[in-house]
Amino acid sequence: MSAARRRVFVVDDHHLFLSGVRFEIGDDVELVGDASDVASAVELIGEREPDVVLVDVHMPHGGGAAIIEQVLRKHPNVRFLALSVSDAPGDVVGVIRAGARGYVTKTISGPELLEAIGRIADGDAVFSPRLAGIVLDAFSSVPIHDVNPELDQLTAREREVLRLIARGYAYKEIATELSISPKTVETHVSAVLRKLQLSNRHELTVWAIDRRLV
Amino acid sequence: MQTSTPPDVRLRLVRPRDGRRIAGVAAGLGNAFGIDPNLIRIAFVVLAFASGVGVIVYAAAWAITPAQAPGSSSLPTTRRRARPQFVEAAALAVIVFGALLLIRPLRLGFADQLVWPIALAGFGAALLWGRFRNASAPSTQPPPSVADGSTGSAWSAAVASLVGDTRRPSLGTITRIGAGCVLVITGAGVFLATRPTSTATRNAASAVVVFAIGIGLVFGPWLSRLAQDLAEERRARVRSQERAALAAHVHDSVLHTLALVRRSASDPRQVVSLARRQERELRTWLAGGPRPSSDSLAIALDEVAAVVETDYGVPIEIVRVGDCPMDLALEALVSAGREAMVNAARHSGAPSIAVYMEVDRERVTLFVRDRGVGFEPETGETRRHGLADSIVGRMRKHGGTAEVRSRPGSGTEIEVSVPRIST
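Line by line, the protein sequences are chains A and B.
Residue 538 is where the first sequence ends in the numbering used here, and the numbering goes up by one at each step.
Residue 794 is where the second sequence ends in the numbering used here, and the numbering goes up by one at each step.
Be a bit skeptical, because a hint or two may be false.
[Claimed, not checked] Computed from the model, here is a short list of chain A residues facing chain B with C-beta under 7 angstroms:
| id | residue |
| --- | --- |
| 1 | 453 |
| 2 | 457 |
| 3 | 460 |
| 4 | 491 |
| 5 | 492 |
| 6 | 496 |
| 7 | 499 |
| 8 | 510 |
Hints are computed from structural coordinates only; laboratory data are not their basis.
Small disclaimer: the values here were computed from a predicted structure and weren't measured.
Glycine residues also receive a C-beta, built at the ideal position from the N, C-alpha and C atoms.
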């Protein structure tokens with residue numbers, strides 16, 4: 325767990341969940357505020373500039389993705405961790421491409437949530453096994469046109485790391501398995517996150533377009 | 372009208388009680404051969420104009436075919452083709468065409484100028500009225516409804532799409548309507564063109580055309596409004612039906628589960644298990660209902676994991692990359708996976724089990740991992756050792772591999788994989 329108390333802001337339109345989160349992590353982080361709709365969330369986050377924002381994916385008027393986009397325009401240093409009950413690939417990819425650095429489902433336990441918040445605050449990405457599976461799926465086909473090898477393809481090492489995450493390995497276990505340092509594992513994961521956010525792969529843009537239309 | 376049954380008839384030819392127009396000859400033939408009786412009736416009419424052959428054949432069939440015995444069912448006798456097929460209808464058309472050509476030299480009865488337009492119009496009408504089914508649909512399925520656009524006459528499909536039951540008529544339906552209209556109009560045109568031309572007829576024909584256009588202009592918008600209102604009403608009805616179905620489902624399953632959760636509030640494991648089961652069931656329902664596990668490996672694996680999870684109360688998380696249809700080797704893979712999951716649930720003491728399934732071009736690989744007590748691979752407990760042997764043996768039979776990795780205190784991972792059977 326992290327040493328300094330992280331400043332955390334929570335956005336969710338489900339009041340029961342909000343109070344649950346406050347209860348679970350309220351002692352270990354500094355909760356600087358919460359909001360339950362897009363407009364007030366953008367405003368308050370801009371005012372208080374937290375380290376990490378826990379944001380729900382599904383909310384009216386654009387949901388988590390809209391909040392992330394609007395906040396990052398003016399405050400690019402705020403870091404977002406997306407939460408949802410859904411683990412549909414479209415939702416996950418949509419919110420990551422909007423700028424979130426990690427995705428966890430709401431069934432996550434308190435200690436795991438704290439660890440995820442800590443990691444995001446340190447600048448790393450949080451990949452659940454399911455997100456790793458989605459990325460492997462999206463990057464598995466051979467792209468037909470306009471390949472930007474930096475963005476549109478995973479390196480063999482990145483693939484190995486993702487595979488181990490998907491199999492349920494923690495970062496330390498991955499480091500042992502591949503005989504590299506945990507810091508290197510985190511570097512690879514951040515690189516994958518960047519590719520997921522910036523790649524123009526068909527599979528990813530299709531999901532993003534679907535979300536806009538819905 | 373019982374007469375002797377015709378000799379060596381493989382198919383039972385009877386004139387059914389229901390569905391008769393005149394004497395049930397066309398209905399009986401339709402049932403026996405699996406063709407829409409309307410098409411057969413059109414064929415008889417066309418042939419009747421060809422020197423009265425149609426009438427003769429009809430009378431002969433009436434005489435030969437027994438009426439359906441009272442009390443017996445009037446279902447089609449051949450189960451194989453219970454619905455009209457386009458191929459059989461085309462065969463019927465060819466037979467009629469051939470008969471017309473054969474009869475022509477006889478020069479009896481009506482002249483060419485009458486027979487050919489009627490034949491053309493008959494073919495057009497057959498296309499428009501005949502009920503067909505997409506060739507790809509298997510005949511063992513229940514008859515599809517008109518709404519899905521794959522059966523029914525061309526008109527009913529067009530009307531269905533107009534009132535909003537289906538998005539738009541399929542290319543096949545549009546082609547049929549177009550071809551049918553062209554044939555009928557051509558038939559009428561040929562008929563008119565070959566008449567001794569009289570100004571009166573010409574004027575009458577153009578008057579009809581102008582009148583039709585006029586009516587179209589006057590009533591067109593009103594008819595289209597009617598169609599739209601009908602569509603909206605249908606949509607509203609569908610919406611309320613779906614709401615009712617949702618309410619029934621929620622009442623049956625979710626409220627029931629919540630009541631059980633309240634009763635088991637002191638047993639957290641039971642509560643978690645109930646919640647997971649209900650969640651899984653709701654997700655399946657939202658996705659449109661359960662699908663057969665033979666469709667895909669993902670579904671088969673989900674089903675197996677659900678059963679293990681319910682039986683042993685240990686949550687199992689599945690991560691998937693890719694999917695493929697089931698085959699024998701994959702069935703062995705899935706049952707090896709089940710064995711691994713059961714073993715982990717029973718002996719590892721882990722709070723959860725992670726399953727990872729990967730499908731690529733050549734192989735399918737399955738990993739079952741837990742962070743439980745683990746065991747010494749060499750000397751391990753007999754039960755877990757037996758596991759490795761049985762899984763390895765099963766995989767080898769299908770050309771696959773299996774590996775069990777474990778260390779005391781750091782959990783166990785079982786990897787099984789089979790090569791894909793290339794089709």
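Checklist entry - Where does the structure disagree with the numbered hints, that is, which hint numbers, in rising order? => result 6, 7, 8
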